[in-house]
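Let the hints inform the model, and build the full structure from the sequences given.
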Amino acid sequence: MSEIGYSKKVLDHFMNPRNVGALENPDGYGKVGNPVCGDLMEMFIKVKEEKIDEITFRTFGCTAAIATSSMTTEMAKGKTLDEAVKITRKDVADTLGGLPPQKMHCSNLAADALHLAIEDYRQRAEK
Amino acid sequence: MPLYKGIYDITIVKMNSMKRIYMDHAATTPLAPEVLEAMIPYFTDYYGNASSLHSFGREAKEALEDARIKIARLINAEPSEIFFTSGGTESDNLALKGIARRNRKKGNHIITSSIEHPAILEVCKVLAKQGFEVTYLPVTKEGLVELTTLESAIRKDTILISIMHANNEIGTIQPLNEIGGIAKERNINFHSDAVQTVGKIPVDVKSIGVDALSISGHKLYGPKGIGVLFVRKGVKIESIQQGGGHENGLRSGTENIPGIVGLGRAAELARNTMLDESKRLTALRDHLKDFVLNRIEESWLNGHPTKRLPNNLNFGFKYIEGESLLLYLDALGIAASTGSACSSKKLSASHVLTAIGLQPEYSHGSLRITLGQSNTLDDVDLAGQAIEQSVIRLRKMSALGPR
Ligand SMILES: Cc1ncc(COP(=O)(O)O)c(C=O)c1O
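Chains A and B supply the protein sequences, listed in that same order.
Just so you know, this note's numbering puts the end of the first sequence at 127, numbered straight through with nothing missing.
Just so you know, this note's numbering puts the end of the second sequence at 530, numbered straight through with nothing missing.
Please note that the accuracy of each hint is not assured.
[To be verified] Pair ranges (Cβ atoms, derived):
no., chain 1, residue 1, chain 2, residue 2, range
1, B, 160, A, 94, 45 to 51 Å
2, A, 8, B, 500, 29 to 35 Å
3, B, 379, A, 74, 58 to 64 Å
[To be verified] A few chain B residues that don't get close to chain A, going by computed Cβ distances all over 12 Å:
no., residue
4, 229
5, 230
6, 263
7, 283
8, 314
9, 331
10, 377
11, 451
No lab work stands behind these hints, which were simulated from the structure alone.
No residue lacks a Cβ here, since even glycine has one placed at the ideal position from N, Cα and C.
Below, the structure written as structure tokens:
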């Protein structure tokens, strides 16, 4: 599989994705992407004492999109919201051991979905 | 043993302990053992240059002409109408550039279809830059070129029609005899890229009335890097590669004798086995098609239900993406292909799926299975189960779907 340029870690997260599914009554929800372009991602979070207590995802997309979603949930879980919001697109790709250049935009989506979910939580909390 | 332990924890069988099933024969085929056997002496013992006058050269020349006869026989051509090239891509280049440039005084209009292989479409782009006008015919949603559309595209200055015999992605077989008839009636050169059909279904250049036809060795259990352009006697064509004047001046370069011998043997084998093998593959194809379409909701077949290559299936699945599906199948030992944008170097959806009118969100979930000699009923059953399991799994994690 290496000839298509995916690292072992990418393939592991792709074949054995962590934290898959939807959360009932999430505290925060983020959705990015467009099915016409071939990827759509959702992130669900539950927050306890300003920490990400639970996080799950659902993704329509290629190998990189699924792996980065899974990786992002693993990186964010247990972190404070302030820490989690600092997870960048690059952090996700780096933690996965890199992504093929033409797939970098997929990793953008996962971090973006996480940030949106956190933003959604904060907006709800303000109300 | 179940393919999956649970829904989200797949039992990944180690690749080396698992039977791998190759179902990507439209991409390439393995070399038939008989072909390899025929080739070996031409690397080691009969290595002469076919242009040399000594006995070494004569041995090579003899093998060259023997292969030419075998290939001519497969497509009902004359041996003198067979020109060896480096493969399908070169044959397409030579046919289009060679015929267009040589007939430029007669006109500069070329007609092709919107679902051709890049070896045709990219050449057309180059020719268009050099002043030729190219019309790309649309196709029906089954992938067929309509004869009325073709007829109305023909102009006084049309010098060449190039329509592929069967499409490499969706397997649709074009009405070549009828297209040939139209071209002949209007006195227009007709070329066909038959890379996906020669050796799989009967191709008779005389009854089609085709002027030029491309063949590639590695699609019919022959070697890679060898191909043929059939050029009907009397067709005006110029070379695109100059040198020592090999292949009657049309294609210079010392002949690849082992490759040519291999292709000759592959053509001979294909001629003997084609009818039985195409029946066998059609049965396997339809078995797998029925399994997948019955078991998996919101799935469909791209291409034509009956006018299709005996070994080709192209499925569409809603809510999932083809590259993911391909790699799940790969992990389960099934090698297939997809027209998904994410799997392509250019990140754009397959031009063929777009041409048959598939919406982008549906063309992402395509899966091409192309069967071949090694595939059995067991293989097809395993592939069906693997497809079902993979689709279910990917749909469970998808952000799209009915819920
Ligand atoms: C329809 C068609 N034309 C041309 C080619 C190119 O042939 P080759 O790989 O021998 O250059 C292919 C192979 O992918 C093909 O499927």
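Query raised in the report: When the hints from earlier in the document are held up against this structure, which numbers fail?
Result: Checked against the structure, the only hint that fails is number 11, while the rest are satisfied.
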